[in-house]
Amino acid sequence: MKHYEVEILDAKTREKLCFLDKVEPHATIAEIKNLFTKTHPQWYPARQSLRLDPKGKSLKDEDVLQKLPVGTTATLYFRDLGAQISWVFLTEYAGPLFIYLLFYFRVPFIYGHKYDFTSSRHTVVHLACICHSFHYIKRLLETLFVHRFSHGTMPLRNIFKNCTYYWGFAAWMAYYINHPLYTPPTYGAQQVKLALAIFVICQLGNFSIHMALRDLRPAGSKTRKIPYPTKNPFTWLFLLVSCPNYTYEVGSWIGFAIMTQCLPVALFSLVGFTQMTIWAKGKHRSYLKEFRDYPPLRMPIIPFLL
Amino acid sequence: MAAVAATAAAKGNGGGGGRAGAGDASGTRKKKGPGPLATAYLVIYNVVMTAGWLVIAVGLVRAYLAKGSYHSLYYSIEKPLKFFQTGALLEILHCAIGIVPSSVVLTSFQVMSRVFLIWAVTHSVKESEDSVLLFVIAWTITEIIRYSFYTFSLLNHLPYLIKWARYTLFIVLYPMGVSGELLTIYAALPFVRQAGLYSISLPNKYNFSFDYYAFLILIMISYIPIFPQLYFHMIHQRRKILSHTEEHKKFE
Numbered sequence: 000m001k002h003y004e005v006e007i008l009d010a011k012t013r014e015k016l017c018f019l020d021k022v023e024p025h026a027t028i029a030e031i032k033n034l035f036t037k038t039h040p041q042w043y044p045a046r047q048s049l050r051l052d053p054k055g056k057s058l059k060d061e062d063v064l065q066k067l068p069v070g071t072t073a074t075l076y077f078r079d080l081g082a083q084i085s086w087v088f089l090t091e092y093a094g095p096l097f098i099y100l101l102f103y104f105r106v107p108f109i110y111g112h113k114y115d116f117t118s119s120r121h122t123v124v125h126l127a128c129i130c131h132s133f134h135y136i137k138r139l140l141e142t143l144f145v146h147r148f149s150h151g152t153m154p155l156r157n158i159f160k161n162c163t164y165y166w167g168f169a170a171w172m173a174y175y176i177n178h179p180l181y182t183p184p185t186y187g188a189q190q191v192k193l194a195l196a197i198f199v200i201c202q203l204g205n206f207s208i209h210m211a212l213r214d215l216r217p218a219g220s221k222t223r224k225i226p227y228p229t230k231n232p233f234t235w236l237f238l239l240v241s242c243p244n245y246t247y248e249v250g251s252w253i254g255f256a257i258m259t260q261c262l263p264v265a266l267f268s269l270v271g272f273t274q275m276t277i278w279a280k281g282k283h284r285s286y287l288k289e290f291r292d293y294p295p296l297r298m299p300i301i302p303f304l305l
Numbered sequence: 000m001a002a003v004a005a006t007a008a009a010k011g012n013g014g015g016g017g018r019a020g021a022g023d024a025s026g027t028r029k030k031k032g033p034g035p036l037a038t039a040y041l042v043i044y045n046v047v048m049t050a051g052w053l054v055i056a057v058g059l060v061r062a063y064l065a066k067g068s069y070h071s072l073y074y075s076i077e078k079p080l081k082f083f084q085t086g087a088l089l090e091i092l093h094c095a096i097g098i099v100p101s102s103v104v105l106t107s108f109q110v111m112s113r114v115f116l117i118w119a120v121t122h123s124v125k126e127s128e129d130s131v132l133l134f135v136i137a138w139t140i141t142e143i144i145r146y147s148f149y150t151f152s153l154l155n156h157l158p159y160l161i162k163w164a165r166y167t168l169f170i171v172l173y174p175m176g177v178s179g180e181l182l183t184i185y186a187a188l189p190f191v192r193q194a195g196l197y198s199i200s201l202p203n204k205y206n207f208s209f210d211y212y213a214f215l216i217l218i219m220i221s222y223i224p225i226f227p228q229l230y231f232h233m234i235h236q237r238r239k240i241l242s243h244t245e246e247h248k249k250f251e
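Protein sequence lines, in the order shown, are assigned to chains A and B.
Per numbering that gives the first Met the number 0, residue 0 is the first one in the first sequence, and the count goes up by one each step.
Per numbering that gives the first Met the number 0, residue 0 is the first one in the second sequence, and the count goes up by one each step.
Honestly, the hints are just simulated from the structure, not real lab data.
Every residue, glycine too, gets a C-beta built ideally from N, C-alpha and C.
Be a bit skeptical, because a hint or two may be false.
What the hints assert, rightly or not - Computed Cβ-Cβ distance ranges for the label pairs, DEER-style:
#1 79(B) - 288(A): 49 to 55 Å
#2 38(B) - 156(A): 34 to 40 Å
#3 301(A) - 122(B): 36 to 42 Å
#4 171(B) - 106(A): 35 to 41 Å
#5 214(B) - 146(A): 26 to 32 Å
#6 50(B) - 155(A): 46 to 52 Å
#7 201(B) - 157(A): 30 to 36 Å
#8 193(B) - 302(A): 48 to 54 Å
#9 202(B) - 200(A): 28 to 34 Å
#10 60(A) - 111(B): 44 to 50 Å
#11 79(B) - 155(A): 46 to 52 Å
#12 159(A) - 104(B): 15 to 21 Å
As the list claims (entries may be wrong) - Covered, in the sense of this in silico footprint (three residues per stretch, anywhere, with C-beta under 8 Å from a C-beta of chain B), are these stretches of chain A:
#13 58–66
#14 181–194
#15 260–268
Just chain A, same shape as in the assembly (with noise of 0.2 Å):
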């Protein structure tokens, strides 16, 4: 049987990325992405559009490459769709932290002149800038390093709607908030300490959770498995719910909300609360149906009840 030579060079700058020799005549473009991947994780395959033109259309991955017009070496271009979805998420998270800081920094023509650019008395106000800053940077990070994403893009509509309800909250929570005639909390000082430790334990737990999920399913391959504890203690919350990661974002921004005593965050919460459970459920239940031997125990959101 003689086998072929697969070059992979970059469509744009026509930079060979990798060479891969004896690749089987039957090989289809799904196990080339494979062997592309190996080389360059950060490009797991469903980033990948591999075409036989640099302009032209993307490959199947049930194409077979004997079958394809190239000679024993092919030369397969290759794009990185991954920017697509990745770039919604970008911009999604971007938003919010850089609406909340012209809030913060008190930019013109949000609140009277006299308070341009000033700075609040209050602690808490500086404190409740870093950490919805913290979140933020946070996902952006995410975004960028360590989820997997299964889709490679995101159809328009949802972009609009995603980012003026992110972006939205955002303005309206950072007005309110860094506003010359806030109020800090009733408790004081107590209740600030509180909220925070909730906040910080949420966020280590949700990024706990995000990792823990992110090595359940290695790069390029398709495969669910279902998550369980690992020695990470904040990972032991997957015994009691499937969506750990929901359950600690909806404790975050409840350690927020106490935290800044404002009502909008407080239905800020409200409304990403409902959404997670619906999101939450409908993983459970995929769960449910995938796997015979679920863990009965485990709730979708909320342990024991939800």
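Please build the complex by placing chain B on the supplied structure of chain A, with the hints as guidance.
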């Protein structure tokens, strides 16, 4: 717009009862529908609502004949209007439990907008009551037709006249209702501003503020994109449903 939304959403899927509402337009609809117990309940519900709105209609006519003028006619039917319009909240429940195949979201939107107008504007701002008559009349006629339409549909015995009325009178009743609603909200504005009604300002311990005056203005503005959409949807439905029936009649 509460008037428009009510009939539009209802037309699309059958808000008060009767999936036959939209059913007779599309021959491909599967005949599932509510069970016998649910059907009986819905028939009773729709009959009661038809009766309720008839009471309001009769009340209006009698009050006009007695007083000889349009002034304060609202007070003569204030209680049944509040009762029966608020009772329509049940229709959200009907969608939620599935005995009516409408979207919960759409039905909620239409009923809540009606309830909002009745309680949060007309009831809350006594001074807005003068323009109320315009939309009350529009709603009354619309609802009598709509609920009787559902009643007959559920009983599989829909007179063409009712179907025709439902899909034709809206042409006049919608704009009439919308005008009444907008005028009423507009009339309420200065009093809301003056009394600071339902508004909260900073500073306060919830770190929240709400300006009901601005909110009402936003509501009025929202009629601009929403009303034309609903109105033209209804016109489209009319063409579809009334011409379909004409063809059916040819083959009878």
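Quick rundown of the hints versus the structure:
no.: 1; hint: 79(B) - 288(A): 49 to 55 Å; verdict: holds (51 Å)
no.: 2; hint: 38(B) - 156(A): 34 to 40 Å; verdict: holds (38 Å)
no.: 3; hint: 301(A) - 122(B): 36 to 42 Å; verdict: holds (38 Å)
no.: 4; hint: 171(B) - 106(A): 35 to 41 Å; verdict: violated (51 Å)
no.: 5; hint: 214(B) - 146(A): 26 to 32 Å; verdict: violated (39 Å)
no.: 6; hint: 50(B) - 155(A): 46 to 52 Å; verdict: holds (49 Å)
no.: 7; hint: 201(B) - 157(A): 30 to 36 Å; verdict: holds (35 Å)
no.: 8; hint: 193(B) - 302(A): 48 to 54 Å; verdict: holds (51 Å)
no.: 9; hint: 202(B) - 200(A): 28 to 34 Å; verdict: holds (31 Å)
no.: 10; hint: 60(A) - 111(B): 44 to 50 Å; verdict: holds (48 Å)
no.: 11; hint: 79(B) - 155(A): 46 to 52 Å; verdict: holds (48 Å)
no.: 12; hint: 159(A) - 104(B): 15 to 21 Å; verdict: holds (19 Å)
no.: 13; hint: 58–66; verdict: violated (count 0)
no.: 14; hint: 181–194; verdict: holds (count 3)
no.: 15; hint: 260–268; verdict: holds (count 4)
In terms of the numbered hints stated before, the structure departs from hints 4, 5, 13, listed from lowest to highest.
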